[in-house]
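Number of protein chains: 2
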Amino acid sequence: MHTSTTAPTFADIETAHERVKPYIHRTPILTSGILNERTGAELFFKCENFQKVGAFKARGAFNAVFSLSDEAAANGVVTHSSGNHAAALALAARTRGIPAHIVMPDNSPDIKKAAVKSYGANIIFCGPTQHDRETAANEVLQRTNAAFVHPYDDARIIAGQGTCAKETLEDAPNLDFIMAPVSGGGLLGGTALAATSMSKTIKVIGCEPEEADDAFRSFRDGVRYPAITPPRTIADGLRTSLGELNFLIIRECVSEIHTVSEQAIIGAMRTVWEILKIIIEPSCAVPLAVILEQKLDVRGKRVGIILSGGNVDLNKLPWQ
Amino acid sequence: MHTSTTAPTFADIETAHERVKPYIHRTPILTSGILNERTGAELFFKCENFQKVGAFKARGAFNAVFSLSDEAAANGVVTHSSGNHAAALALAARTRGIPAHIVMPDNSPDIKKAAVKSYGANIIFCGPTQHDRETAANEVLQRTNAAFVHPYDDARIIAGQGTCAKETLEDAPNLDFIMAPVSGGGLLGGTALAATSMSKTIKVIGCEPEEADDAFRSFRDGVRYPAITPPRTIADGLRTSLGELNFLIIRECVSEIHTVSEQAIIGAMRTVWEILKIIIEPSCAVPLAVILEQKLDVRGKRVGIILSGGNVDLNKLPWQ
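Listed in order, the protein sequences are those of chains A and B. If you use my numbering, the first sequence corresponds to residues 984 to 1303, in order. If you use my numbering, the second sequence corresponds to residues 984 to 1303, in order.
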């Protein structure tokens, strides 16, 4: 179940940016002398943890909801999501004044369930697998005739997420690398389209947990594999499988995909908390883990790192 | 033991600002739609948790170290501090290339001990009371002839800390209130001098834990009381007693001092972590706790809040 078969273009990302600007934050880019010294690179951290709903997902969701015709919008929107896309779609729908029906796995973090509820969405709980989600979402779709907005395998979503890399390159030009985590591929796909359109020399690097390495294997073999079910990674935002449209874009525009261990992810997350003094969720720490584990040689390079979100259950920190 | 008897003027704060600018960050001011909605005010959070050494203390320390003559500086500097001033003085001394001797209570948080060590300072451990600290510092002073830089009862330190409020009012003008935590009174004193010099209408609000309420009682009665020994507050940066020079300034320029419970401090700290997605230490949360506990009516007002630091031991979070 996906909702578009054609990849967006950079013009779609520019249109998306104009459409979502009134609703989203232009998030800051942080730098750290200590981390630059430690890595030998110049690192630029794009802080989507400060974004509306605490994650980049606000970009795609606002783009999708505000690109619907009034007629289509009236029936509301429906999606399935492990959390941040759900909260983002709920907020975008509330902002437009239309209903949102959200299918969520019942093992989603409490903080993410609470966020979706607080935006007034109708939640439908389901099991943890991709199949469980899609079955439940289909049932809602039949019943409500709402517009389905897939969390990543959707051109409107990919174009929206691409606005994050666009801002990063506008505010920190001449990057050698731009790094983003990959799960379904909405963020990495949008990042790759924006970055390779704005720079002829930039390399786009996907970063993934070893425990959920379907994008790494798919990219290596040229075949789209499903994710291991259920993935055991702590990075709860990175447990879904690479989308079809996303895979097409990633094969075309991404240079490398690297994987890291759970321990490396937790260590990188803690490093960001301690040194940058900001809250990021585990999924967010994967690109820095790739650097700290020396999977990618960044010495002497200018590197953009998309910190994708900051929604963490503060009662369950991974180093405890 | 304090090192000056005359309060600084706003001109001293301006001079301090020019002196420290090359070495410190001009920290950002964050705002939050959710917190504005919840409080009915417009809140402006000045993020000194992003400052060098993770706290506003860098401002006073750099001002003190770089205002020494070359001759005086050559013998190094000495201080006693529960942590952030120690790290700040160590960094400022290393930056100027002179020795730093730091007397620290042996119950200081590990993260603060490690920070001081990492800046190459010579650490002398002592007991938890004010008397223990002063005895140990005096001994070092006799031995080394270093320049003593008191953590707060010092005109150079107060002027340096005042640069934080100066930046806040430059970047968020027309504030009705500016709020800061108070312990020794370096930050609150500097804030009060800067704010009342820059605005005729602003009210300066000191914020203190109930468990370490010497500034509240001193301000109310017009008599400088020592802190309860040893104070039981979780706000480890707010355990020392109000300084003499600081008390003079605070009596003159501060409008109100409010106190809050430990539970309110922990709740406000968690609120900042969850909503602003930034790491602040418990001391830092006291002003927001005053607002959330409705000790001060901020409805319809523009309120500057100085978030003083972000050095927390991530293995020991107060809500666990």
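Hints listed in this document are in silico derivations from the structure and should not be mistaken for laboratory results. A couple of the hints might just be wrong.
Stated by the list, open to error - Covered stretches of chain B (chain A as the covering partner; in silico rule of three or more C-beta atoms under 8 Å from a C-beta of chain A): (1) 1027-1041; (2) 1247-1257; (3) 1288-1300.
We put the beta carbon where it would ideally sit given N, CA and C, even for glycine.
Which earlier hints turn out false for this structure, listed by number in ascending order? Per hint list: zero violations.
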